[in-house]
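S.K.: Note that the protein sequences, when read in sequence, are chains A and B.
First residue of the first sequence? That's 1 in my numbering, and the numbers climb one at a time after it.
First residue of the second sequence? That's 1 in my numbering, and the numbers climb one at a time after it.
Watch out, some of these pointers could steer you wrong.
What the hints assert, rightly or not - With a cut-off of at most 20 Å between alpha-carbon atoms, the simulated EDC-like pairs for lysine to aspartate or glutamate come out as follows:
| # | chain 1 | residue 1 | chain 2 | residue 2 |
| --- | --- | --- | --- | --- |
| 1 | B | K129 | A | D284 |
| 2 | B | K129 | A | E286 |
| 3 | B | K191 | A | D4 |
| 4 | B | K191 | B | D128 |
| 5 | B | K129 | A | D4 |
| 6 | B | K210 | B | E195 |
| 7 | A | K2 | B | E83 |
| 8 | A | K2 | B | E195 |
| 9 | A | K285 | B | D128 |
| 10 | A | K2 | B | D128 |
| 11 | A | K2 | B | E192 |
It should be emphasised that the hints constitute simulated quantities derived from the structure, not laboratory data.
These numbers were taken from a predicted model, which means no experiment stands behind them.
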Amino acid sequence: MKTDNQRAWLLVLPVLVLVAFSAVIPLMTVVNYSVQDTFGNNQFFWAGLEWFRDQLHSERMWDALWRQLAFSGIILAIEVPLGVFVALNMPKKGVWASVVLVLMSLPLLIPWNVVGTIWQIFGRSDIGLLGYTLDQLGVDYNYTQGFYSAWATVIAMDVWHWTSLVALLAYAGLQSIPDAYYQAARIDQASRWAVFRYIELPKMRGVLTIAILLRFMDSFKIYTEPFVLTGGGPGNSTTFLSIDLVKMALGQFDLGPAAAFSLMYFLVIMVISYVFYIVMTNLDKEDGQ
Amino acid sequence: MTDQTASAPGAADHLPGDVKVADANARAKPGTRVNGSTVVMVLYLLFLLLPIYWLINMSLKTNAEILGGFSLYPRNLTFSNYETILTDPSWYMGYVNSMIYVVMNTVISISVALPAAYAFSRYNFMGDKHLFFWLLTNRMAPPAVFALPFFQLYSSVGLFDTHIAVALAHCLFNVPLAVWILEGFMRGVPKEIDETAYIDGYSFGGFFVKIFMPLIASGIGVTAFFCFMFSWVELLLSRTLTSVDAKPIAATMTRTVSASGLDWGVLAAAGVLTIVPGALVIFFVRNYIAKGFALGRV
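Kindly produce the complete structure, drawing on both the sequences and the hints.
M.R.: Written as structure tokens, this is what we have:
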């Protein structure tokens, strides 16, 4: 059991100060902008909740939100089953297990803009393997021009980038299943499906929940990869929330609307984080028992 | 699977001996399944490695060859793209800058996270759960929300375009990450060790440095790896907070694309060089990767 000790605050103080400096102050700046308007010259005046109302009725924001939700939904629907499937087929021990683990982790360690660059090169129909092959097969593929090509490439890129994460987490869950469970299943002549459904899946439930939440949140704030690959285009077809926000704040310098947008964006993330936190602490409790 | 389990009916009536037989059979027989797994893994790894191979392929070609025709491997192997990067300060300083702020960030993150993680893993105190949750929200916050305020904050305190600015900005998500991962490792150390040390007359500081830190050395290593990695892969904040003196390699790459347009070979070589640091150390943390990505849980 943990002991009560208020002096523990002294130990968390450095973190508190540092994160306050790098999170609270900037966030307050955002709040400040979100309720003010300006005509330039650094003269600001009170605008109340106008920007929030503005943003809630802005088609642009809703479009970006729907695109974002569609993107997150699609990549979850692909990455989670695929990740579980890969995890079930990974070697359990030995040299190959290490080799596979290292190779699978590679995409996770590549800088995000390089991920974009890799797919940019890979998908070009003149110099890229993927684009060239599709071109030769007669597929009309061009990720800078076509709506479907752009989406397919962005999704393929994300699947390539992050499926290993889901697989690694599921694999960690599978490793924790004692051999005795499988032996019991064999004695009962359980089918492969039954083993998966009643032994493996329940044991992976915790890690899979974490994987889904992590993937949802990280895909919800995706910026660099699609920015490098498509720049949000063609048109606005791959402009997700973060890309739109950066365009608005740093590109057009529309501080008020961007700030209101930011806060609502942040609120959504907060709610999801809360779900995540509850799941985590519940898992910790289960572990403790 | 079903027909392979040897002593089918009534196997459950027998004692462990039979189980072992069934076990041995099940291990020996399903050769088909092992092959199936191998095929799946080979296909998946192929999918992962092809784009990376293509990047390496590009980096070893001259621009003339890249644009001249399509080939699966470099016909005239050249290292000139790498030479360009390693001899031109505007290129290689990008790597140096990135390294500097990444190392700074890792050191800062770990040194503030260690005591905090210890407090969270050992004590109950007022507001601890709220604080822990608040840290998590920072890990989840979209950097895009913070880009402009950071720019203004660091400009106003005169830190714009310095390494420390980027290092501090990356603390936004790395400190919470470090606290969460370290807390996960520290919970595995029995509390009796702390108590014994205090009885033996260690002060808190002495105990922490001499006894506790060696015990969680692997945890610190893993945390350092993840701080390093997440700071290394980030672009949006590091690009916003720098212009010349501290410009990271990631930003150098994006600007070169827009400026010269078609220098694919150099771009690819720069990309390959950014993969190297992670690839070099990944072997050591391979068993903790899942734990790190899941914030110390799993």
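S.K.: A separate judgement is required for each hint: does it hold in the structure or not?
M.R.: Hints, one by one, checked against the model:
no. : hint              : in the structure
1   : B:K129 <-> A:D284 : holds (13 Å)
2   : B:K129 <-> A:E286 : holds (17 Å)
3   : B:K191 <-> A:D4   : holds (14 Å)
4   : B:K191 <-> B:D128 : holds (19 Å)
5   : B:K129 <-> A:D4   : holds (13 Å)
6   : B:K210 <-> B:E195 : holds (14 Å)
7   : A:K2 <-> B:E83    : violated (57 Å)
8   : A:K2 <-> B:E195   : holds (13 Å)
9   : A:K285 <-> B:D128 : holds (16 Å)
10  : A:K2 <-> B:D128   : holds (12 Å)
11  : A:K2 <-> B:E192   : holds (12 Å)
Hint 7 from the earlier list is the only one contradicted by this structure; the remaining hints agree with it.
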